[in-house]
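Chains as they are written, first to last, in the numbering used here: chain A, 1 to 314; chain B, 1 to 447.
Among the hints, a few may not be true.
Claimed, not checked - Where chain B lies over chain A, by a calculated footprint (3+ residues, C-beta under 8 Å):
1) 39–51
2) 131–140
Stated by the list, open to error - The calculated lysine to any residue pairs, modelled on SDA-like cross-linking and capped at a C-alpha distance of 20 Å, are:
3) K73/A with I134/B
4) K338/B with K73/A
5) K435/B with A91/A
Unchecked claim - The following residues of chain A were derived to be distant from chain B, with all beta-carbon distances above 10 Å:
6) R70
7) W123
8) T230
9) Q284
10) L300
It is worth saying that the hints were derived from the structure and are not from the lab.
Nothing here was measured: the structure is a model prediction, and the numbers come from that model.
Glycine included, C-beta positions come from ideal geometry on N, C-alpha and C.
Residues per chain are reported as follows:
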Amino acid sequence: MTTSTSAPTRAATAPQPSPLRRRRPRRTWPFVLLLLGPGAVLIVVFIVVPALYGAYLSFTNTQLTGFAARDPKFVGIDNYTYLLSSSDFLASLGQTGQFVLFSAIIGQTVLGMVAAILLSRPWVRGKGLWGAAVLMPMIVPEVVASLTWASVLSNNSEGTLNRLTGLFGADPTSWLQVVPMVSIIIVNIWRGVAFAMIMFQAALEDVPVDLIEAARIDGARAVQIFRHITLPLIRGPVFLYLLLTTISTVGVFGLVYFLTQGGPGGATRLAAIYIYQRALQFAQIGIGSAASMILLALVLVLGLVYVRLSKVEV
Amino acid sequence: MKRTRKIAALAAVVVAASGLTACSAGSDSSNGPITVSILESKQIGIDSVKKQIPGFEAAMKKQGKNIKVKLVGDILTDPQLVTKITQQFIAGQAPDVIDLGDSMVPGFAGAGYLAPQDDYLAKWDGWDHYFPQIKKAMVRQDGKIYALVHDTGVQNFFYRKDLLTKYGVDTTQPATWDDMISRLEQIKAKNGNLPPIVIPAGTAWGGGSWAEGFQPILAGVDQNYYSLKTGKWDLKSPGWLPTFNLYSDLVTKGLLPVQDLENPNPWEPTKYKKFPAGKLQVSAQGTWGWKFDWGPGGATPIPDLETKVDTWQYPAMDAGGKTYGWSGLGSSYGIAAKSQHKEAAMLLAEYLSSGVPLADQLVASGAAPVRDDIANIKPFSGEPKLVQAGKDLASSLYVPTGDGSEQIAQAVANATESILQGKATGQQAYDAFVKDATDLLGPALVK
Chain A
1 MTTSTSAPTR AATAPQPSPL RRRRPRRTWP FVLLLLGPGA VLIVVFIVVP ALYGAYLSFT
61 NTQLTGFAAR DPKFVGIDNY TYLLSSSDFL ASLGQTGQFV LFSAIIGQTV LGMVAAILLS
121 RPWVRGKGLW GAAVLMPMIV PEVVASLTWA SVLSNNSEGT LNRLTGLFGA DPTSWLQVVP
181 MVSIIIVNIW RGVAFAMIMF QAALEDVPVD LIEAARIDGA RAVQIFRHIT LPLIRGPVFL
241 YLLLTTISTV GVFGLVYFLT QGGPGGATRL AAIYIYQRAL QFAQIGIGSA ASMILLALVL
301 VLGLVYVRLS KVEV
Chain B
1 MKRTRKIAAL AAVVVAASGL TACSAGSDSS NGPITVSILE SKQIGIDSVK KQIPGFEAAM
61 KKQGKNIKVK LVGDILTDPQ LVTKITQQFI AGQAPDVIDL GDSMVPGFAG AGYLAPQDDY
121 LAKWDGWDHY FPQIKKAMVR QDGKIYALVH DTGVQNFFYR KDLLTKYGVD TTQPATWDDM
181 ISRLEQIKAK NGNLPPIVIP AGTAWGGGSW AEGFQPILAG VDQNYYSLKT GKWDLKSPGW
241 LPTFNLYSDL VTKGLLPVQD LENPNPWEPT KYKKFPAGKL QVSAQGTWGW KFDWGPGGAT
301 PIPDLETKVD TWQYPAMDAG GKTYGWSGLG SSYGIAAKSQ HKEAAMLLAE YLSSGVPLAD
361 QLVASGAAPV RDDIANIKPF SGEPKLVQAG KDLASSLYVP TGDGSEQIAQ AVANATESIL
421 QGKATGQQAY DAFVKDATDL LGPALVK
């Protein structure tokens, strides 16, 4: 007992090199540069510079077609004013929020957690098979996933879902038109649940078994253990997942565009689709860039909130 | 340390060497034949042009010109083509010749992506055979021609004559929209209360809601909504409101297939499924309906097409008005402004817009000719419906427009969408259209 307590004491009192003084030996800098340089250059060339250029374009009336394309002008905050008073853009932000909330924050997170917990149970048989089944949606290419769901939700009587409902005597339904938002939310949950499961499985493995056992001995029920022990201990990975899934879901484009193209009547016109339509279909790069900047700002705010929440002490 | 430096130096040499290799591989050989590339985005265009390439190369060889053609076949919808080709224009990677729908030309020409063709056309003998009204319509607002139109069509209402006869509905030309609506209501009553007519509307149909849906109706009431002289759109022109009111009327009476029009590809359930199946009996449609849509080799063939289907012209909005066909400019060949082989590219465009090569293409796509010396050339001369369409051109309406047509198309699509959704009356849709179009066009393009 004496030995075990004295060692940390000695360690605590021993002189520690200040982190500021800890310098990498000069000789290793070229090697570090060689390793990090290409990545850094790619990030600057393909992310930082386009983002800065996008920010610049958002203050101009740049167009890709028409006579105005020859002579773009600086228009100050006109594009931002236009967008923030545009019911179409505000509706697309609302639809994006709805999509992120129900498909990523609630759907993927809850189902991913349930899948991770179930697969961590010792009594579950065929874990490999279950795991592979959940992972499959993540590994298929986006186009294949879209085609699969287009077939499932097809409006004719040959569509998979219509065949199923037909067994109960229901008429064929055009699911992507009758319940478009619900349809794309389900598709996105299906697509993203695997990533959530992997993240949560890894986090659950780090929860000390001793603590769980101690709680059980003290009479805690499974829900109480999850609520008061497991969840606080995996708070960091959960918020990291929420951060990642929010960012990626805000940017979802291909999956939804293939299925609905933002319709019917703009009911699934997510912000990414709105930006695509304005910038590329209608060639209004200035307005499209401003919309992108607004979306970037919103995602940054959300990101900051998540980071802040993930640091809250238990 | 030394090893690290060596590795870094080696990496730098490899990168530089590959860059130089890439550069040298990209440079043109100056001694070989000129290769001209042409983009076709529809299967019919790909097949037609592929067939004509050997003839063109041989014709050029006779003239002592060593020109080869590279066909770039890339099947795309019109919005996909606009998105893709715009990026290629900007990057200088566009093919030399691009087969474009005419509605795309003003935007590309305005931005400087297309080369003016006036000098080439002035020296071409085929230019004298172009119909005067087509020549006039090809001129853009800066007075230049940027794309050589090679086909056109007359838009009318195609109707299922077999079914209307069976229902006992009058099949003579309806004189006014009131007549038309009365007949549509009769058809609806006989056909399980299903909507009987499709006219492009809403956002899902994209630019077609304007070019193939709204504009032909608007032109029957009003042809002064755009001035080529000033390059401005008159949003207060008197035809807009009655046209929006007509759409509202059709929706309120359950005559337009609202749910189908909101499908991501609205032409599929309407033109390609219900019309051939006889579940929808009237369709706004261009001449290409005889071949491209419902012909024997078309998207969804209708057996005995010419017996089962016939056409009405657009009815007049008010009693006493004239019925009319609407003729847009169809497809045209644009030459990329950054092309290195403009002259050779223009020779290809001219060849494809003349004689047998043109007659072949017109028959394949079901289009009408834009020049006066095609009607007697086989195989076109054996297609009475297309020959008739060529004759009808002279009496059909067309209002050439310019810069801003894409923005107008967007505003019309939004406004008609609100009518389809039951969110707006004709007046409300018009008010929203004026606001939207004013925002999108900016003060320079609005009267």
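Checked hints:
Interface restraint, the segment 39–51 of chain A with chain B: violated (0 residues with C-beta to C-beta distance below 8 Å; minimum three). For the segment 131–140 of chain A, the stated coverage by chain B is violated: 0 residues have a C-beta nearer than 8 Å to a C-beta of that chain, whereas at least 3 were required. For the proposed pair K73/A and I134/B, the alpha carbon gap of about 35 Å is over 20 Å, so the pair is violated. Proximity of K338/B to K73/A is assessed by CA-CA distance (about 24 Å); at most 20 Å being required, the pair is judged violated.
Taken as a hint, the K435/B and A91/A pair is honoured in the structure, with Cα atoms around 18 Å apart against an allowance of 20 Å. A cut-off of 10 Å between C-beta atoms contradicts the statement that R70/A is not in contact with chain B; the least separation is 6 Å. Non-interface status of W123/A relative to chain B is upheld: no Cβ of that chain comes within 10 Å, the nearest being about 46 Å off. Even its closest Cβ contact with chain B, about 43 Å, leaves T230/A beyond 10 Å, as expected for a residue assigned away from the interface.
For Q284/A, the requirement that its beta carbon stay farther than 10 Å from each beta carbon of chain B is not met, with the minimum near 8 Å. Against the 10 Å criterion, L300/A stays outside the reach of chain B, whose nearest CB is about 28 Å from its own CB.
In summary, the numbered hints that this structure violates are 1, 2, 3, 4, 6 and 9.
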